[in-house]
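K.L.:
If you want the building blocks of each chain, they are given just below.
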Amino acid sequence: FTALVALSFSGAIGLTFLLLGCALEDYGVYWPLFVLIFHAISPIPYFIAKRVTYDSDATSSACRELAYFFTTGIVVSAFGFPVILARVAVIKWGACGLVLAGNAVIFLTIQGFFLVFGREDDFSWERW
Amino acid sequence: MSGFLEGLRCSECIDWGEKRNTIASIAAGVLFFTGWWIIIDAAVIYPTMEEFNHSYHACGVIATIAFLMINAVSNGQVRGDSYSEGCLGQTGARIWLFIGFMLAFGSLIASMWILFGGYVAKEKPIVYPGIAVFFQNAFIFFGGLVFKFGRTEDLWQ
Numbered sequence: 001f002t003a004l005v006a007l008s009f010s011g012a013i014g015l016t017f018l019l020l021g022c023a024l025e026d027y028g029v030y031w032p033l034f035v036l037i038f039h040a041i042s043p044i045p046y047f048i049a050k051r052v053t054y055d056s057d058a059t060s061s062a063c064r065e066l067a068y069f070f071t072t073g074i075v076v077s078a079f080g081f082p083v084i085l086a087r088v089a090v091i092k093w094g095a096c097g098l099v100l101a102g103n104a105v106i107f108l109t110i111q112g113f114f115l116v117f118g119r120e121d122d123f124s125w126e127r128w
Numbered sequence: 001m002s003g004f005l006e007g008l009r010c011s012e013c014i015d016w017g018e019k020r021n022t023i024a025s026i027a028a029g030v031l032f033f034t035g036w037w038i039i040i041d042a043a044v045i046y047p048t049m050e051e052f053n054h055s056y057h058a059c060g061v062i063a064t065i066a067f068l069m070i071n072a073v074s075n076g077q078v079r080g081d082s083y084s085e086g087c088l089g090q091t092g093a094r095i096w097l098f099i100g101f102m103l104a105f106g107s108l109i110a111s112m113w114i115l116f117g118g119y120v121a122k123e124k125p126i127v128y129p130g131i132a133v134f135f136q137n138a139f140i141f142f143g144g145l146v147f148k149f150g151r152t153e154d155l156w157q
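Protein chains in written order, with the UniProt record's numbering: chain A, 1 to 128; chain B, 1 to 157.
No lab work stands behind these hints, which were simulated from the structure alone. Don't take each hint at face value.
[As the list claims (entries may be wrong)] Keeping only pairs whose Cα atoms sit at most 25 Å apart, straight-line, the calculated DMTMM-like set for lysine to aspartate or glutamate is:
no.	chain 1	residue 1	chain 2	residue 2
1	B	K19	B	E123
2	B	K124	B	E51
3	B	K148	B	E50
4	B	K122	B	E50
5	A	K50	B	E123
6	A	K50	B	E50
7	A	K92	A	D26
8	A	K92	B	E18
9	B	K122	B	E18
[As the list claims (entries may be wrong)] Here chain B is said to cover these stretches of chain A; the calculated rule only asks that three of the stretch's residues, wherever they fall, bring their Cβ under 8 Å from a Cβ of chain B:
no.	stretch
10	75-85
11	106-113
On a predicted model such as this, the values are computed, not experimentally measured, just so you know. We treat Cβ as the ideally placed atom computed from N, Cα and C, and that holds for glycine.
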């Protein structure tokens, strides 16, 4: 339960950074909000792989690895997009820095969700 | 102090051998998509044909097709020891892999040619797009290699 509260707190912090990058007086440009699309679709490859390989043996990895590949791609894109916006001077570098920080926090939150709530169907006894 | 670090002693609870495939996939993903974002960056900053001839994008596209071809066949299908033959059989898988690697090497060489022939030799004032094409293809190439050879198929579980 405390994990859930901590994760929602860090998620709020991440979104705050993102919005600060857009809404501060100095910046006022709202294009960086498009990284939210990347955040929303980042867990999808993992879930598709989980559903597709549901009834097959062991940890049939090829599909899972492909899912990791695409998820990494989405994460890289979420970091690359603000950098490109800043390079073309659509947003300022300060806003870019805030958006990147927000990205990092939000992705860590999403990863935290998987770590904390993904253990249910795991038969490992290394749970500490 | 020692009590608080006890819970963080996680290097024993992760089996690094088992995670090799995951790490290889993630590294390959980083390389491949970084390559594409480099070229997107160059295309956004230099949108004119003068500075960045749009036909140079073909190099990256062929490199991506080569990546897909190389990774579409598993090592088991090429060696001939997998259960299902696939729709081309073992010889077909070998030819497919051969063509895939040829396209990959070819696009890498083409990107070097573009950099040196199109930008350095002509002494253009802005060289960055040529460098971007070269790095895009280099990253895609190495991403493909890591994805292909960084993962093992020993499913000995």
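K.L.:
Would you mind marking each hint as holding or not holding in the structure?
P.N.:
Hint-by-hint comparison with the structure:
1. Between the alpha carbons of K19(B) and E123(B) the distance comes to roughly 47 Å, so the proposed pair goes past 25 Å and is violated.
2. Restraint check: the Cα-Cα separation between K124(B) and E51(B) comes to about 8 Å, which is no more than 25 Å; the hinted pair holds.
3. Restraint check: the Cα-Cα separation between K148(B) and E50(B) comes to about 37 Å, which exceeds 25 Å; the hinted pair is violated.
4. With a CA separation close to 12 Å, the supplied pair K122(B) and E50(B) stays within the 25 Å bound.
5. For the given pair, K50(A) sits about 52 Å from E123(B) by alpha-carbon distance, which is inconsistent with the 25 Å threshold.
6. The suggested pairing of K50(A) with E50(B) is violated, with an alpha-carbon distance near 47 Å, which exceeds 25 Å.
7. Among the hinted pairs, K92(A) with D26(A) is consistent with the structure: their alpha-carbon atoms are about 9 Å apart, no more than 25 Å.
8. Pair hint K92(A) plus E18(B) does not hold up; C-alpha atoms about 43 Å apart against a cutoff of 25 Å.
9. The hinted pair formed by K122(B) and E18(B) fails the criterion: a straight-line CA distance of about 50 Å is larger than 25 Å.
10. For the stretch 75-85 of chain A, the proposed coverage by chain B is satisfied: 5 residues have a C-beta within less than 8 Å of a C-beta in that chain, meeting the threshold of three.
11. For the stretch 106-113 of chain A, the stated coverage by chain B is not satisfied: 0 residues place a CB nearer than 8 Å to a CB of that chain, which falls below the threshold of 3.
The structure fails to meet hints 1, 3, 5, 6, 8, 9 and 11 from the earlier list, while all remaining hints are met.
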